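Number of protein chains: 2
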Amino acid sequence: MKLLEERIARDGRVIGTEILKVDSFLNHQIDVQLLDEIGKELYRLFKDKQITKVITIEASGIAIACAAARVFGVPVVFAKKARSLNIGKDTYTAKVHSFTYDSDYDITMSQSYLSADDTVLIVDDFLANGAALRGLLSICEQAGAKVGGIGICIEKGFQPGGDEMRAKGLPLESLAIIESMSEEGITFRKQ
Amino acid sequence: MKLLEERIARDGRVIGTEILKVDSFLNHQIDVQLLDEIGKELYRLFKDKQITKVITIEASGIAIACAAARVFGVPVVFAKKARSLNIGKDTYTAKVHSFTYDSDYDITMSQSYLSADDTVLIVDDFLANGAALRGLLSICEQAGAKVGGIGICIEKGFQPGGDEMRAKGLPLESLAIIESMSEEGITFRKQ
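Same order as they appear, the protein sequences are chains A and B.
So for the first sequence, this note's numbering puts the first residue at 1; every next one is plus one.
So for the second sequence, this note's numbering puts the first residue at 1; every next one is plus one.
To be clear, the hints were calculated from the coordinates, so they are not data collected in a lab.
In this text the structure is predicted, and so the values were computed from the model without any measurement.
Check the hints yourself; a few may be wrong.
For chains that are exact copies, the list does not tell them apart, and a pair is met inside one copy or across any two.
Quick list of in silico lysine-lysine cross-link-like pairs, PhoX-like style, CA-CA up to 25 angstroms [stated by the list, open to error]:
#1 Lys-21 with Lys-89
#2 Lys-190 with Lys-89
#3 Lys-21 with Lys-81
Next comes chain A alone, as it looks inside the complex (with noise of 0.2 angstroms):
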């Protein structure tokens, strides 16, 4: 997505050769207007696969889960990054290791909101070694739920998880693909 690679490529700041801060316009300041367009672009790639539900992990997939959604004309379900006193009982879980943090953290979704009816398109805003997505991966096995779609705005194309999600042949589009990145520039995969 031409748009989104210039933006990163204008405003994305590049610490050290591993951590891309795009905390400007996609994940603390967020540029809805941005948004919309990467709503309309996952609903280009995702228009026929009959989707039900969009989901995503909090926090930063939310706004881009929202934005999609609302194309597609379907609820956004998020999973919640730990067992909230009030979630109930009835919930799906799956374990997922944060590498920026170095620990495991569980999420969480409601059984009432995602079942074996439903087929999902999974959105978040990072995809580098896709722990995150194996957990809501799993959460989808465990509902019985179809993947329709996985859509990432930015992969870490040096990184495994999204050419291990693509070897598997899970339905895997994203955005943009850096190939490799330092402080002095980045590079984008042509697709």
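Dock chain B against the given chain A, drawing on the hints supplied.
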């Protein structure tokens, strides 16, 4: 806001006398059409306030903030609930007491995205004791930003936060105010 009151009455679930679950449409599963209407209503209430940013706290405020921000044509900035390794050092911070978990947590916001040039609309899903809102007000004060409005989806009118804010002269509008509730039903405050 009649549409929201009707939805709460239909799909909200009261547990005991304190807990109102709206996770089927507002803060776990999200009805994005309802969000759009909430965004329009917040615009109607605060459109003359020269709003430059919509701010909230992750996670459940993000969807509401995005729905409002797209109508105002301004960015969202959401406060994060823990210091992220990637957020940088130049942050505003405030301590918030969680009554749900009976513990304190910090909220943080990068100083890059809020300044004395901003007039903000603060939004959130719930207002009960006002702890989260006081944290956001503290961040606005640290930034020197003007509070143009506070827009809450559901105020628990039988808890003190909302009336305290109004007594201070803060520009608070709650789209639905619950006067009392029990498992038998919900009574809304006439507005």
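Cross-check of the supplied hints:
Proximity of Lys-21 and Lys-89 under a CA criterion of 25 angstroms is satisfied inter-copy only: 14 angstroms between copies versus 36 angstroms inside one chain copy. For the homomeric pair Lys-190 and Lys-89, neither the shortest alpha-carbon distance inside one copy (45 angstroms) nor that between copies (35 angstroms) is at most 25 angstroms. In this assembly of identical chains, the alpha carbons of Lys-21 and Lys-81 lie at most 25 angstroms apart whether taken from the same copy (21 angstroms) or from different copies (18 angstroms).
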